[in-house]
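*Asks:* Residue-level listing of the chains:
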Amino acid sequence: MNETLTRLRYRYWPDHMLGEILSKRWTETAIPVMVLIAVAFGLNQAIDGFLSPASLTAASRQAGEIGFIVLGMALVMIVGGIDLSVGSSFALTNFCALFLIHVLKWPVAAAIPVTLLFGALLGAINGILIGYLRLRAFITTLITLIVYRSIYDLLILQYSNAIAGYLPDSEAWNFIGDGDILGVPLIVLVYAAVAIFGHVFLTRLRAGWHITAIGGSRRSAYNSGIAVRRTVAMCYVACGVLTAVAGIFFAARLSTTGSDIGLGLEVTVLTAAVLGGISLGGGKGSVAKALVGTLIVLFITNGLVSLSAPGGINRMVLAGILILAAVVDIRWLKNRHRIISKVYVSPTYHALPPCPSTAPDSDTAFAQNDKLRNVDAIGLGRIEAPEDVILDRHDNLYAGSRHGDIIRFFPPDYERMEVYAHIGGQPLGMAFDRQDNLYVCIGGMGLYRITPERKVEKATDETNRSWRSVNDDSRLRLADDLDIADDGRIFFSEATVRYEMDEWPVESVEARGNGRIICYDPNTNSTHTAVSGLKFPNGICIASDGRSILFAETFGCTVKRYWFDGPKKGQVEMVMDNLPGYPDNINLASDGNYWLAMVGMRCPALDLAWRMPGFRRRMAKRLPVDEWLFANINTGCVIKFNEKGEVLESLWDLGGKNHPMITSMREHKGHLYLGGILNNRIGRYKLADADPGYVQYDKRWGKAS
Amino acid sequence: MIAVLKDLTDRFFGRGDAAITVPPFDGALKPNQLLEQAAVVCELEAPEDLATDGAAVFVADGRRILRLDAGGPVEVAALDAAITALACLPGGGFAVALDGRSVRLVGGAHDGRAWDAANGRAFSAVNALSAAPGGGLLATDGSQTRPYAQWSHDLMELGRSGRLVALSPADGGAREIATGLAYAFGACAAGDGAWVSETWRHRLVRYNGGRSGSAVVDRLPAYPSRLTPAAGGGYWLTAFTARTQLIEFILREPAYRKRMMAEIDPRHWVAPSLSASSSFMEPMQGAHIKTMGILKPWAPPRSYGLVIRLTPEGLVRYSLHSRVDGTHHGVVAAVECGGALSVLSKGRGRILRLDVAEIERSLQA
Chain Y
1 MNETLTRLRY
11 RYWPDHMLGE
21 ILSKRWTETA
31 IPVMVLIAVA
41 FGLNQAIDGF
51 LSPASLTAAS
61 RQAGEIGFIV
71 LGMALVMIVG
81 GIDLSVGSSF
91 ALTNFCALFL
101 IHVLKWPVAA
111 AIPVTLLFGA
121 LLGAINGILI
131 GYLRLRAFIT
141 TLITLIVYRS
151 IYDLLILQYS
161 NAIAGYLPDS
171 EAWNFIGDGD
181 ILGVPLIVLV
191 YAAVAIFGHV
201 FLTRLRAGWH
211 ITAIGGSRRS
221 AYNSGIAVRR
231 TVAMCYVACG
241 VLTAVAGIFF
251 AARLSTTGSD
261 IGLGLEVTVL
271 TAAVLGGISL
281 GGGKGSVAKA
291 LVGTLIVLFI
301 TNGLVSLSAP
311 GGINRMVLAG
321 ILILAAVVDI
331 RWLKNRHRII
341 SKVYVSPTYH
351 ALPPCPSTAP
361 DSDTAFAQND
371 KLRNVDAIGL
381 GRIEAPEDVI
391 LDRHDNLYAG
401 SRHGDIIRFF
411 PPDYERMEVY
421 AHIGGQPLGM
431 AFDRQDNLYV
441 CIGGMGLYRI
451 TPERKVEKAT
461 DETNRSWRSV
471 NDDSRLRLAD
481 DLDIADDGRI
491 FFSEATVRYE
501 MDEWPVESVE
511 ARGNGRIICY
521 DPNTNSTHTA
531 VSGLKFPNGI
541 CIASDGRSIL
551 FAETFGCTVK
561 RYWFDGPKKG
571 QVEMVMDNLP
581 GYPDNINLAS
591 DGNYWLAMVG
601 MRCPALDLAW
611 RMPGFRRRMA
621 KRLPVDEWLF
631 ANINTGCVIK
641 FNEKGEVLES
651 LWDLGGKNHP
661 MITSMREHKG
671 HLYLGGILNN
681 RIGRYKLADA
691 DPGYVQYDKR
701 WGKAS
Chain W
1001 MIAVLKDLTD
1011 RFFGRGDAAI
1021 TVPPFDGALK
1031 PNQLLEQAAV
1041 VCELEAPEDL
1051 ATDGAAVFVA
1061 DGRRILRLDA
1071 GGPVEVAALD
1081 AAITALACLP
1091 GGGFAVALDG
1101 RSVRLVGGAH
1111 DGRAWDAANG
1121 RAFSAVNALS
1131 AAPGGGLLAT
1141 DGSQTRPYAQ
1151 WSHDLMELGR
1161 SGRLVALSPA
1171 DGGAREIATG
1181 LAYAFGACAA
1191 GDGAWVSETW
1201 RHRLVRYNGG
1211 RSGSAVVDRL
1221 PAYPSRLTPA
1231 AGGGYWLTAF
1241 TARTQLIEFI
1251 LREPAYRKRM
1261 MAEIDPRHWV
1271 APSLSASSSF
1281 MEPMQGAHIK
1291 TMGILKPWAP
1301 PRSYGLVIRL
1311 TPEGLVRYSL
1321 HSRVDGTHHG
1331 VVAAVECGGA
1341 LSVLSKGRGR
1351 ILRLDVAEIE
1361 RSLQA
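Sequence order for the protein chains is Y and W. Letter by letter, the first sequence follows residues 1 to 705 of my numbering. Letter by letter, the second sequence follows residues 1001 to 1365 of my numbering.
Quick caveat, the hints were computed from the structure, so don't treat them as lab data. Don't take every hint at face value.
[To be verified] Here are the computed lysine-lysine pairs in the DSS-like style, where the Cα-Cα straight-line distance is at most 27 angstroms:
(1) Y:K334 <-> W:K1006
(2) Y:K621 <-> W:K1258
(3) Y:K334 <-> Y:K284
[Stated by the list, open to error] Selected chain Y positions facing chain W (Cβ under 8 angstroms, derived; list incomplete):
(4) L56
(5) V228
(6) E384
(7) M501
(8) M601
(9) C603
(10) P604
(11) L606
(12) L608
(13) A620
(14) L623
(15) D626
(16) E627
(17) W628
(18) L678
(19) N680
We put the CB at the ideal spot given by N, CA and C, even for glycine.
Use the sequences and the hints to build the structure in full.
*Replies:* As structure tokens, then:
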């Protein structure tokens, strides 16, 4: 009963998605967006007409003004600084615009550029002090905040009456203040244009990348040749200009020079930026985050004003939010990877029937023996990690190595070896096609082809992206084994879409169907996913009918058949289930049956743990990987089975003395060659009554050997 | 209330009692391969314990007591049940524990005297005997609920029923010194009291007359067992296996433990073991994967061989190891006699011998 609930819960609740979502970079924007929606919804419930179009239009003008300043602040924060003087700069640029138009009676077209220049000048002072003279951003902008504010106070003392006493009669100026196009306030349109440019700038342009790089690591940025000082200074200049834009719109809207303009604005702006998810530590931030932060802050302040909260409360709330957001920002940045690594591994329920006996006296085809104890070792200590082995018609032996090479051993004694081709990733399964191209699955890279001229070519490294996956599963992470159909189509397995190749045993803890079988068609050079949701699909072999493949699911402990052609096209059928071990590569035997490598054997402790996902989840959280209960892959065996799924015989090396792990085997001219991904040798076992002339791919392609 | 909350938060965060950290083999416990490389004296079928009278070393092997002579083991006595503990009496003769359920004197002044209970409670798993000054005898009864052979059941049930018992050969008295121990396995007279290995709490506890003891050696990275005096002062402490984080974790997972005990053969449990892995049915941990044909010696030890030399104050002076890639595991007894240390690796069924002076020279201890 209890176990049924566990099974249903793990079947229908996608645990694995939490870790995948958290490892997406967009979660850092998604959380502020959710806060924004919650705030908007909550205030709309509390205040009548809070989200009505009229109210939104009014709010959007204010939002635009603050939004420009937040953009400037965001830029400065991303580059690793801070600008506290934005409030005073805002007041000064507001004054500048009003002074030019109201007192000097300049035309708008002249006043705007000059005000922008003035803003740039104010920013440049910060920029030079911080960027070139290397002063601390916090203290410098604190000082300029006071200085700018004092200048502003002195100026309005002298000119506020003159400004208030004149009303400019300019259509353009009024349009800037309260005009709209198709009902959308002008400021919103300008903001949208600037924001889109800002987004492109930050994510697509060189200068934007430089800014992020400097914020991420100033020293590394400097070492890689970025003009750190100039870029930092320019960010402050840009911040000044954006503040001036806000000042112009504000001046046009209200035409006022009150002494409290821009007072405390830096706190609002900073709160917006941090709340949006722009990190105080620098290097992280985006335009979308700035926008979301602005809206949250604006909704809250407007909401509080509508609820007629006094100004003091208003600012206190903002300061409180700022502290909270800063704490979350710092804790999140520090712990993000830890949290992800804790929640990423998400084991699921995986029940297998009781394991069939393999005891030496069990009188089954699986009965343990020591036939493989004394196999010859080829390349002992000279080859590392030959996952698969293959032989050509000239008896040359090929095997992958963990150095990213295909190694070739020469007959008859296989003492001499050479690097046949260098690929760079760990070679796994291998197969020859009709033209003697050697196709190889490369862990972490994809499917590669080595021509008879020893030229390495990429066949494919991506497939179609599936809609239901959070992780981008279009790239191949762990192409594992392959075989080639009569028409040249290549079917290969990808063991997992959630882990990298070196993490493959983690899959034994997770036991979820994370793998798939992919088809690559060299005729059209196209790739598509054929079957997905498989539990570590591994070995693949074309069945005798030429229309289906046999494939092994390592941690499913099954061998299944998939039809890619014919009347049963698209169907999957069980061939062998409840195997006593973890099946790996499948290859043809000379008598028409199939060889199957067992990479490891089942152990009762893990079988039980597979039924208890919560136990494994806690284990993954609490224990280092070295201590995890893993599938036992220190002892393996080779079995021979027929197409009906009957096991005919088994070959063992008990205790794993000579061949701790067998991931592959290949029959060739009366011998069985054994590969193992963590071995430092290739085994060679004399088969008693096998066809002495058997060459697998010559027989496969109908060529005489 | 606060304790309950603390317990809950500890379990959520894996802190406090829920932490599964294991102290490292460090300092005087730094691993070496001395035990693995030690000379093999003989291989026996079912060796259980060692004892010495100062002149010769005796082994309890199944139902027999053997004397280790230069030419090989010689049988000196045969009993009617399996011997689970052996001690030499000062005046000659032996004390033996039979099947863990009774203690009997063989030879000596009180030949034939036997005990099968203390304080009215029957013995269940007597696993160590040690002669005390004044003619007394110390015995440890590992568990009240499980027989001697089922020590791993006791661990998996978080057994807390071990006791230290003082036996008096002169008048046949039996008195409990300490009860409620988390598996008592090995004791030794020290000063005017006794030290006892409290195995599941990974410590040595000193009892000086009172009912409550104090820890002499605490937070061992291994499961301590029998304790014998060393010639130069101090003690030899054996540890029959080392701790792993996985087993500490399992001990905090009641649901898994319960099902494991119900459904799986004890040989294949996620539990400490006396002998090195021999079957793929045994659980394998991440670091146990053989890479390039090699099992890493620093992998988590499901079985381990360890002898610890303690000073008279209970500080660790040095230690002898057989690491995960070795086989001299499950060391349950070590006695020093004539400058040589005899070590019993129960996991391998072997008696090993090391020269103490040579050990100390090689360790520069």
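*Asks:* Given the hinted pair Y:K334 and W:K1006, is their Cα-Cα distance within 27 angstroms?
*Replies:* holds (25 angstroms)
*Asks:* At a threshold of 8 angstroms, is the proposed contact between Y:M501 and chain W supported by beta-carbon distances?
*Replies:* This interface hint is violated because 14 angstroms lies over the 8 angstroms limit.
*Asks:* Just to be careful: measuring from the Cβ of Y:C603 to every Cβ in chain W, is the smallest value less than 8 angstroms?
*Replies:* holds (5 angstroms)
*Asks:* Taking the least C-beta to C-beta distance, is Y:L606 closer than 8 angstroms to chain W?
*Replies:* holds (7 angstroms)
*Asks:* Checking hints one by one. Is Y:P604 an interface residue toward chain W, by the C-beta closer than 8 angstroms rule?
*Replies:* Y:P604 check passes; min Cβ-Cβ to chain W is 4 angstroms, inside 8 angstroms.
*Asks:* Tell me if the interface restraint on Y:L608 is satisfied: Cβ within less than 8 angstroms of some Cβ in chain W.
*Replies:* Given a least distance of 6 angstroms, the restraint on Y:L608 holds.
*Asks:* Let me know if the C-beta of Y:A620 comes in closer than 8 angstroms to any C-beta of chain W, holds or violated.
*Replies:* violated (11 angstroms)
*Asks:* Closer than 8 angstroms between Cβ atoms is the bar; does Y:E627 clear it against chain W? Give me holds or violated.
*Replies:* holds (5 angstroms)
*Asks:* Given Y:M601 as an interface hint, is the shortest Cβ-Cβ distance to chain W below 8 angstroms?
*Replies:* At 4 angstroms from the nearest chain W Cβ, Y:M601 passes the 8 angstroms test, so the hint holds.
*Asks:* Under 8 angstroms is the threshold here; is the Cβ of Y:E384 close enough to any Cβ of chain W for the hint to stand?
*Replies:* Constraint on Y:E384 satisfied, holds at 6 angstroms.
*Asks:* Hint Y:L56 vs chain W: min CB-CB distance below 8 angstroms?
*Replies:* With a closest approach of 43 angstroms, the Y:L56 hint is violated.
*Asks:* Let's test the interface hint: is any C-beta of chain W closer than 8 angstroms to that of Y:L678?
*Replies:* holds (5 angstroms)
Going through the hint list in order, the structure does not satisfy hints 4, 5, 7 and 13.
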